[in-house]
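Fit chain E to the known structure of chain S by using the hints.
Residue-level listing of the chains:
2 protein chains.
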Amino acid sequence: MRLAILLAPALLLAALACPAEEAKTTTIPPAAAAVAETLRDRALQQDTAWDIVESLTTEVGQRLAGTEGDARAVAWAVAKFRALGFDEVRTEPVTFPVWLRGEESGEVLSPFPQPLVLTALGGSIGTEGAPLDAEIVHFETLDALRAVPDDSLDGRIAFISTRTQRYRDGRGYGLSVGSRVDGASIAAAKGASALLIRSIGTSNDRFPHTGNMRYAEGGRRIPAAAVSNPDADLLLNMLRREQPVTVRIRMQAATVGEYTSQNVIGEVRGSELPDEVVLIGGHLDSWDLGTGAIDDGAGVAITMAAGALIASLPERPRRSIRVVAFANEEQGLIGARQYAERHAASIRQHLIGAESDFGAGRIYGLRSNAPDQAWPAIEQIGAVLAPLGIELERGVGGPGPDLIPLVARGMTWAQLAQDGTDYFDYHHTPNDTLDKIDPIALRQQVAAYAAFAWMAAQAEGDFGAEPKGL
Amino acid sequence: MRLAILLAPALLLAALACPAEEAKTTTIPPAAAAVAETLRDRALQQDTAWDIVESLTTEVGQRLAGTEGDARAVAWAVAKFRALGFDEVRTEPVTFPVWLRGEESGEVLSPFPQPLVLTALGGSIGTEGAPLDAEIVHFETLDALRAVPDDSLDGRIAFISTRTQRYRDGRGYGLSVGSRVDGASIAAAKGASALLIRSIGTSNDRFPHTGNMRYAEGGRRIPAAAVSNPDADLLLNMLRREQPVTVRIRMQAATVGEYTSQNVIGEVRGSELPDEVVLIGGHLDSWDLGTGAIDDGAGVAITMAAGALIASLPERPRRSIRVVAFANEEQGLIGARQYAERHAASIRQHLIGAESDFGAGRIYGLRSNAPDQAWPAIEQIGAVLAPLGIELERGVGGPGPDLIPLVARGMTWAQLAQDGTDYFDYHHTPNDTLDKIDPIALRQQVAAYAAFAWMAAQAEGDFGAEPKGL
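Taken in sequence, the protein lines are chains S and E.
Numbers 1 to 470, taken from the numbering used here, label the letters of the first sequence in order.
Numbers 1 to 470, taken from the numbering used here, label the letters of the second sequence in order.
Everything labelled a hint here was simulated from the structure, so no lab data went into it.
Be aware that one or more of the hints could be misleading.
Stated by the list, open to error - Derived contacts from chain E toward chain S, CB cut-off under 7 angstroms, selection only:
#: 1; residue: S55
#: 2; residue: E59
#: 3; residue: F112
#: 4; residue: R206
#: 5; residue: N237
#: 6; residue: M238
#: 7; residue: S312
#: 8; residue: P314
#: 9; residue: A383
#: 10; residue: T433
As the list claims (entries may be wrong) - Pulled from the structure, derived: some chain S residues nowhere near chain E, Cβ distances all over 12 angstroms:
#: 11; residue: K24
#: 12; residue: P29
#: 13; residue: G69
#: 14; residue: E92
#: 15; residue: L132
#: 16; residue: I136
#: 17; residue: D169
#: 18; residue: N204
#: 19; residue: L273
#: 20; residue: P314
#: 21; residue: R342
#: 22; residue: R362
#: 23; residue: Y364
#: 24; residue: L388
#: 25; residue: G395
#: 26; residue: P430
Just so you know, even glycine gets a beta-carbon here, dropped at the ideal spot from N, CA and C.
One chain only, chain S, in its complex shape (with noise of 0.2 angstroms):
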C-alpha cells in the first residue's frame, strides 16, 4: 500500500461529482446472492489463502521490483495460479528501472556517539561511497521546512520528526507520508545535504521503515532515510540539549538499469460475457526489508483464493472474474499504470474493480464510487456481507492503489475496508513477516472477496464506469 490514502479524498470528491448515469437500475438475482452466501460459508471454513501467503513468503520473500525475488514472485504466481484452477492465466510485461538498496548504516557522531538505526527511502540516491556527515536541522513538520528560506540549511541534514498517528483506517499515514514522498526535494532546496525523517510508521519498535520518496523533476538530488522511532526519540532528546548534533550517513542506494517484469493475471472465464470482466486483486512485489507478509501477500492470497473458490464452482460467473497480481506497485503504481494503458480501450469492460492492499486485519466495511442506479446491486452485496461483520458505508473511502490507473480512466471502484490499526506498525519494515497475519481474519476477507467478485459479475446492469479524469 502506498499512496491510496492521500489520494482518497480527491477520488471521493470526484465520485460525488460526476454526473448522473443513465437511470436503468443494477441489480442482482437471488440466484447469484445465494451462490455467494455459499462461497461466503465455504471460505469461513478454508485456509486457502493462508496457505498461499505461506507459501509465497516461504519459497520467495523479499520480491523487490527488479531484483531475483521479482523474477521467482513472477513464476511463483504463475504457478500458484495454474495449481489452483484458473481458466486461464497469463502474464503481461512491465517495464522499469531498477532501485537497489546496498549496504546502508548510520551514527551519530557527537556530542554523544551512538549507531543510528535507519534505511534509504525507496529511490534515494546514496552516498557516493563516502560517509556524509554533517549537523542535523531539526524541523517538527514538513511545512516547517517548507517555510525557512532557499539554501538556509548550508550543508546540513534536515530532520523531520512528524510522527505517524495511528487510525484504523490509516489515514495518519496520509497525514505525515509526505515528508518521505517530497521531503528531500524540499530539503534540497533549502540547501540540505540529506534528509532524515522519523519513519512513517507507527510502532516503537526500533525498525526504520522504507517506502518510496521521488525527487522534483529538475532539482537537486540528496540522500533521503528514515530512522527508527526510537532513533528519531533519541535524536529529540539529543538536540533537547542543545549542542549540534553531527551524524554520519553512508548508503549505497542507487537507481541501476531497467527491468522488465510482469503483471500476473489468473482469470476464471464468464460463461455469458466472458470479455466483461470484474477485477480484484492485489500487488506481487514488496519491499525488501521483511518478506512482504501483509503489504501485500495478504492482499494477493486473498484475491487468488477467492477466485480459486469461484473457480471450484461447477459453474461458471456471467462475466470474468480477473485476479490480478501487479507489479511494483511500491515504486509507483507501475505495473497498475501499465495495466491501464495496455486496457485502455476495455476500460469499460471492467464492471467494478477491488483491491486488497491494506494488510490483513478484518474488513468492516463495503465502500464503492458506484452511482445511484448501481447502489442497489451494492446494497444486495452488502446484504451478503453483513454477516461477516461488514457494514454498508455510502461517501467513504476509495480504491486500492493499483486501481487509481484504472479508476482515472472510468473504472468503479469498491474497498472492502479493513482494520489498518495495526498496520503501519509492520508495513515497509523487517517485521512484515507472516506471524502478523491471523488465519482467521484472513478467511473472513476471502469470503467478503468471493462474494463480493460473484455477485458483480452476476449484475444484471453494470456499476456506472465513466472516465472520471483523474
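The following block gives chain E in isolation, referenced to the frame of chain S:
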C-alpha cells in the same frame, strides 16, 4: 538480567534448608515507617529515575562490557552519583576478557534463498573470516539434541527451535535459556559446525536476541547465533517441505584481550552504623544491540533515584545505603563476583540486598529469604509498600543476578518482584530502548526501593545473614 531465574529455585531451597537463626526478633521502629511513607509518597511525585535513564540511554547508549561505551558509562555513573548528592562515590576495578560482535549476517542458500536475521550469542567465536555454509538439522528442544549420538551431525548446523513462553514472572526464560547457554557445547559434541537457536524471547518482532553462552571446558568451540522468532518460523516452514535447508553464516565475533571496568558505588552514609550496609543496585553494562534502557538502565536509575531521595532527607539512616552499579553482569556476573570477593570479609555487614534487574514493569511482590526472626521486619516493610499494590509473598522468588555471589556468601536477599510480562519482548535486542519504559510505573519502583532501603537500614536487629553454601 541473565541467569537469576535459572538459579532462583536452588537459592530458595537453600534458604528453606538453612538452620534456624538466633531467636532475637528484628523489628523496625515506627518512626522509620513514617519516614518511609514520606519517601514513598514523595517518589510518586518525581521523575528522577526517568531523568537518569533518559540521560544514560541518550548520553551513553550501548555499553557492552569492555567497549568505549563501558568507559563512558562508568564516567557517567560517577558524575551522576555525585550530582544526585550521594555522600560517597567510588569505583572498584573489575577485570574481564573483552568480547566483540563485529559484523554478522545470515542467509538461506537453498532451497529458497532469503536473508536470515541473526546475531551472535555473547562469548561465541566467529566464522574465521569466511562464510560457514551448512545444512541445518532441526531439534525441537535441547534435550532432543542431547539425545542424538555423538559425532552424528557430521558438520551440519544444529538448529534448536524451542519457543520462550510468556509469564509475568519471566519463568519461560529459565525454561528455554539452556539452549543459549549450553547449546553450542552440546552441538559441538554431536559433530555440529555451528549452533542456531530460536531467540530466547517472547515477541514476534524480527529481532534476534543476544545473550551469554559458554563453552564447556576442553570442548570444541563452534559459532553460536540466535535467529529472530519470525526467522525461526521461516526455517521451520522451509523444513516442512522436506528438502535440505542450507544456510550461510558470517560472524566476526571474537574475544580479544582484557579490560578493566569499574563497579561504581554511591553511598548514603549511615549515622550510627556506617559500616553496615543495605545494598541496592542494578548493572551498568548492557548488550550492544539496543541502548540498554530496560536491561538494566532502569534498574540503575530506580536504585540511584531511591538512594538520592534518601540522601535528600535532613537526617541520615542508621546504617549506610549502598547503591551499586555493577560492571559486566551480562557476561557472567563478573562485576558482582569481583565485588563479592573484594568484600568477602564484610559480607555479614551487608544486612540485606535487593537488585533491580528485570525491566521497568510495576512491582507486585515483596519477597525475601529472611529467616523467621527477621520476618516481622519484612512484614513491616510490606505494610508500607502495600499501598503501591505490592503484596508480601513468602517462600517464593530469588535475588537479582548480581546478588547471587553475595547470597552464596551469606547475604540475605529481598526481591521487589516486577511484572515482566513483556520483558523478554525487548531484553537483549535492538528494541531495548527508552520508549519501552513507562515513566509512571518507574515512580512506583523508586517508591518501593526507597521505602525498603530506608526501613531496612533502620532495623533493630539483622536479617539473618548466614553463609548459604551456594
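Tested hints:
1. The interface hint given for E:S55 is violated, since its Cβ lies 9 angstroms from the closest Cβ of chain S, which is over the 7 angstroms cut-off.
2. Hint on E:E59 holds. Least Cβ distance to chain S is approximately 5 angstroms, under the 7 angstroms limit.
3. Checking E:F112 against chain S by beta carbon gives a least distance of about 5 angstroms; that is within 7 angstroms, so the hint holds.
4. At about 5 angstroms, the closest approach between the beta carbon of E:R206 and any beta carbon in chain S falls short of 7 angstroms, and the interface hint on this residue holds.
5. Taking 7 angstroms as the C-beta cut-off, the interface hint given for E:N237 holds, the closest approach to chain S being about 4 angstroms.
6. About 6 angstroms separates the beta-carbon of E:M238 from the nearest beta-carbon of chain S, less than 7 angstroms, and the hint is met.
7. A least Cβ separation of about 24 angstroms between E:S312 and chain S goes past the 7 angstroms threshold, and the interface hint is therefore violated.
8. Taken as an interface hint, E:P314 does not check out: its beta carbon lies about 32 angstroms from the nearest beta carbon of chain S, beyond 7 angstroms.
9. Look at E:A383: its Cβ only gets to about 37 angstroms from chain S, farther than 7 angstroms, so that hint breaks.
10. Of the supplied interface hints, the one on E:T433 holds, with its beta-carbon coming within about 4 angstroms of a beta-carbon of chain S, less than 7 angstroms.
11. Remark: the non-interface label on S:K24 is consistent with the geometry, its nearest Cβ contact in chain E lying 51 angstroms away (cut-off 12 angstroms).
12. With a minimum CB-CB distance of about 43 angstroms to chain E, S:P29 clears the 12 angstroms threshold, and the non-interface call stands.
13. Some Cβ of chain E comes within 12 angstroms of the Cβ of S:G69; the nearest lies about 8 angstroms off, and the non-interface call is violated.
14. Annotated as non-interface, S:E92 keeps its C-beta farther than 12 angstroms from every C-beta of chain E; the closest such distance is 26 angstroms.
15. Against chain E, the non-interface label of S:L132 holds: every CB pair exceeds 12 angstroms, the least being about 21 angstroms.
16. Every beta carbon of chain E lies more than 12 angstroms from that of S:I136, the smallest distance being close to 15 angstroms; the non-interface claim holds.
17. No Cβ of chain E comes within 12 angstroms of the Cβ of S:D169; the nearest lies about 24 angstroms off, and the non-interface call holds.
18. For S:N204, the shortest C-beta to C-beta distance to chain E comes to about 4 angstroms, within the 12 angstroms cut-off, and the non-interface label is violated.
19. Annotated as non-interface, S:L273 keeps its C-beta farther than 12 angstroms from every C-beta of chain E; the closest such distance is 41 angstroms.
20. The beta carbon of S:P314 is kept farther than 12 angstroms from every beta carbon of chain E, the shortest such distance being approximately 32 angstroms.
21. No Cβ of chain E comes within 12 angstroms of the Cβ of S:R342; the nearest lies about 31 angstroms off, and the non-interface call holds.
22. Against the 12 angstroms criterion, S:R362 stays outside the reach of chain E, whose nearest CB is about 19 angstroms from its own CB.
23. For S:Y364, the requirement that its beta carbon stay farther than 12 angstroms from each beta carbon of chain E is met, with the minimum near 24 angstroms.
24. Every CB of chain E lies more than 12 angstroms from the CB of S:L388, the least distance being 26 angstroms, so the non-interface label holds.
25. The Cβ of S:G395 lies farther than 12 angstroms from every Cβ of chain E, with a closest approach of about 38 angstroms, so its non-interface assignment holds.
26. Against chain E, the non-interface label of S:P430 is violated: not every CB pair exceeds 12 angstroms, the least being about 5 angstroms.
Of the hints listed earlier, those the structure fails to meet are numbers 1, 7, 8, 9, 13, 18 and 26, in rising order.
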